[in-house]
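The listed protein sequences derive, respectively, from chains A and B.
At position 97 of the first sequence the residue is numbered 97 (the numbering used here), and the sequence of numbers has no breaks.
Numbers given in the numbering used here equal positions in the second sequence, counted from 1, plus 1000.
Bear in mind the hints are in silico, worked out from the structure with no lab data behind them.
Do not take every clue at face value.
Claimed, not checked - Below, a list of computed lysine-lysine pairs in the DSS-like style, where the Cα atoms sit at most 30 Å apart:
| # | chain 1 | residue 1 | chain 2 | residue 2 |
| --- | --- | --- | --- | --- |
| 1 | B | K1269 | B | K1302 |
| 2 | B | K1519 | B | K1362 |
| 3 | A | K220 | B | K1381 |
| 4 | B | K1257 | B | K1302 |
| 5 | A | K195 | B | K1372 |
| 6 | B | K1487 | B | K1302 |
| 7 | A | K220 | B | K1257 |
| 8 | A | K195 | B | K1519 |
| 9 | A | K195 | B | K1541 |
| 10 | B | K1487 | A | K220 |
| 11 | B | K1487 | B | K1421 |
| 12 | B | K1257 | A | K195 |
| 13 | A | K195 | B | K1381 |
| 14 | B | K1257 | B | K1269 |
| 15 | B | K1362 | A | K220 |
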Amino acid sequence: MSTPQLTRAKEPLFSRLPVISHLKKSVGLQRGMLIVGVVLSGIFLLTSIFAPLLAPYGYSQLSDDSGSFPTQEAPSAKHLLGTTVGGYDVLSRVVWGSQTAVTVIIVSVAMSLFLGVVLGLLSGYFGGWLDRILVVVADAIYAFPTLLLAIVISIVISRGQSSFWGGIFSCAFSITVVFVPQYFRVIRAETIRLKAEPFVESAKVLGASSVRIIGRHIFKNATRTLPLMFTLNASEAILTLAGLGFLGFGIEPTSAAEWGFDLNKALADTSSGIWWTGVFPGVAMVLTVLGLTLVGESINDLNDPRIRGRKRAGRTPVPGTPAGPELPANPAEAGKS
Amino acid sequence: MTTNLGNLSDGAGTEQPVLTIDRLQVTFATDGGDVHAVKDVSLNVGAGEVVAIVGESGSGKTVTAKTILGLLPETAISSGAVVINGNNVISVSQSTLRKIRGRDVAMVFQEPSTALNPVFTVGWQIAEGIRAHSTDGRRLSAKEAKERATEALRKVGIPDPETRVNYYPHQFSGGQKQRVVIAAALALNPGLIVADEPTTALDVTVQAEILQLLRDLRDNYGTSIVLITHNMGVVADLADRVVVMYQGDVVEEAPAKVLFAEPRQEYTKKLLAAVPHLGRNSASEGARGRLHQDGKILVEAKNLTIEYPGRFGRHGFKAVNDVSFTVSENEVFGLVGESGSGKSTIGRAIAGLTRTTGGSLKVLGYEMLDFKERTFRPLRKDIGFVFQDPAASFNPHLTIGECVAEPLLIHTRPGAAGARKKVGELLEAVQLPASYAERYPHELSGGQRQRASLARSLALNPRLLIADEPTSALDVSVQAKVLDLFKDIQEQYGFAALFISHDLAVVDMLSHWVGVLYKGRLVEQGIGNQVMGSPQHDYTKRLIASLPVPDPDEQARRREAHRSLLGG
């Protein structure tokens, strides 16, 4: 029997990157959602990178050459989004805030990723008492409300308030502790499944050491879902950070701009009709989380061949078939079966 | 209830076919573009006729079967006509389609354990189909439906149907579950049953019973059957007419006897020639005594027992019970048995994947009872293992070359150039182009992957090779080639092999010495063709008699013999 030769050239690295490969195989609404998500996340990232250029003032700037900023001033030509009760420029705070958010996401997700994956692989592959202890610890962490846990850790690390990096790390650590069990569980479950796969058994039969089996055979196969988890957790990290800031456990306004802190300060303004101090940091947060979630959810749907939408079959003529049979007059009928 | 059972045979005299498929085309939308699964299929099924659609995987036979019931997924579009009782299944509305299903045509699935819902009684599941359709203008009451379900169970030969109608699926054996599925299909007395690989998931002895049941249904109730299968033996046993499909097209259509006796098309000839036939080209042909006994004994099992621990308060399960055998250098030892007989467990125990619990198992002089991974590892380079599913036994992220080089990298330090050279040699030994080393496993076909798997197991020149059902996931024609290759390589490299399979004909083709396992016990062992030719143990006799051979006339004789064996 002749077998079809699959000599399709390997695609360039660029088109095999997670989001880009997904974009290529998406159609219709799923594609729209993914594009919206990518655009929103892109704006978020670019803003954070170019914050020094985009922001008209510094995040803790209270005055310029023409004197101190007015407090609680409505949006004007000088302060496009107005000023806060403390006299900060809202636009600058929002722009700089994205930088804090990105830093916290990167630090926290990187740490939880590393810890979660390593513990998950070891726990899943070796099992036994190590596995049992780690699972109990993970379950215990799950039992705490996320935010409460983050507050406790934040207090432990930085006694509530601190400098830029101190604040960032306390937020990142607390988010890490919350996220590690998630990564741990996913990787552990995948590892347990993969451990029974014939290709792992075949490596065992060949006499490969456990380190080699984990590193070479399980690791890459178990970490397929990570891009998805990364995007979903990134949005959750932003919300946790904002929650900490809102409750007053974030970063001081003189060390960095932080959306949750600004929202907290804007709380009193709402009753007196001052809307610009609260709306803009809030909108920034919503759009960022929405963008990241859209990317994550789209990747999730596109990874699953059962949910992924496809172009309708039959648009191109059938090669190599006799011209005799014609498609039914009503294409809707043909699609029904 | 019984009055409406025979009415279909009255219609057999008229020439109206039960099913007409006319120029059917089915196209699927996939990531790789459109796939034309069925290109141009036309066929008729008359009343009381058994039409078999045969073909290898990817030939479009299952898609054709699903089209008959309108079960294609949303990504498929179909054109042409599939006419059942005047309704074109492709173009009718969903509600008409629901009426047709069950009443005019029903389906029997491949895997009975997944076709039944484990949380409902079988009676409820059969009655569900009955109550979905109105009879004589009214819906049946639950009680009446259950009576009918009981009746259907009786028809398919489930003993004591009044009690067992209330049983859950897990209380039935595999063969009985398939009977229940057939009963559900029969409940509304459809004129046509589409059976998609109805016996593939079943053991040979059970398969014979299900085939007998399907034949009885046709004979007694005049039900037409469309039988989808890849097994030529099943076709020879049951079919009146055969449609051979290849890559979405009908290659040949002929009455069963004609097709087997004088196939016209080249493809059909090749397909039939590839089917292993019990008693033909046996590896132990003409042998008087056991071959290859002059060499060293590599594997020696004495009263070997392997027990899986039971759950709390229950006894463990003895997968292997008091088994003794030896495998010597150069010898191919064939291990045959049905599912659950413990054959794979023995193979895995020899490879150190399963711990032994009793008796003694010596592998290359190492006593497996005190197995320690650390002390056994040096011996692993002398043991090769070929897994059943070639697709799953390769790491999807490594290239074929990297996979084949794994054993070399683990046990020797060949260097990059040396490894590449050796991989090239190995691939050529299993008749794969050396350039395939650059490919990923999913870019190879099943047969090619199994060759690569063989290359990997041979990389270190092992003294012992364990092949666990190496060809059961492959198509017949591919299987034939892989088996030939295995035989050649075994002669060339001269390793001892433990060849595990459920297929008697395959085992006989390769093995010098054959052991028959039944429920964990080795009931018989002997020279391959003697075990197959004149079995001693009752179970072996039954096993061999149930195996359908790809020849309708011979199979009809064997069927009679089988029946008398069971009767006596």
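We went through each hint and held it up to the structure:
1. For the given pair, K1269 of chain B sits about 46 Å from K1302 of chain B by alpha-carbon distance, which is inconsistent with the 30 Å threshold.
2. Restraint check for K1519 of chain B and K1362 of chain B: the C-alpha separation of about 22 Å stays at or below 30 Å, so the hint holds.
3. Distance hint between K220 of chain A and K1381 of chain B is fulfilled; the C-alpha atoms sit about 26 Å from each other, no more than 30 Å.
4. Note on K1257 of chain B and K1302 of chain B: the hinted pairing is violated, with a Cα-Cα distance of about 48 Å set against a maximum of 30 Å.
5. Proposed proximity of K195 of chain A and K1372 of chain B is supported: the alpha carbons are some 19 Å apart, at most 30 Å.
6. Among the hinted pairs, K1487 of chain B with K1302 of chain B is consistent with the structure: their alpha-carbon atoms are about 28 Å apart, no more than 30 Å.
7. With a C-alpha separation of about 53 Å, the suggested pairing of K220 of chain A with K1257 of chain B is violated against the 30 Å cut-off.
8. For the suggested pair K195 of chain A and K1519 of chain B, the alpha carbons sit about 27 Å apart, so the restraint of at most 30 Å is met.
9. The suggested pairing of K195 of chain A with K1541 of chain B is violated, with an alpha-carbon distance near 39 Å, which exceeds 30 Å.
10. At roughly 36 Å between alpha-carbon atoms, K1487 of chain B and K220 of chain A are farther apart than 30 Å, so this suggested pair is violated.
11. A hinted pair counts as satisfied when its Cα atoms are at most 30 Å apart, and K1487 of chain B with K1421 of chain B qualifies at roughly 24 Å.
12. The hinted pair formed by K1257 of chain B and K195 of chain A fails the criterion: a straight-line CA distance of about 49 Å is larger than 30 Å.
13. Distance restraint check for K195 of chain A and K1381 of chain B: the Cα-Cα separation of roughly 21 Å lies within the 30 Å cut-off, and the hinted pair is therefore satisfied.
14. The straight-line distance between the Cα atoms of K1257 of chain B and K1269 of chain B is roughly 14 Å, inside the 30 Å bound, and the hint therefore holds.
15. Restraint check for K1362 of chain B and K220 of chain A: not satisfied, since their Cα atoms lie roughly 36 Å apart, outside the 30 Å limit.
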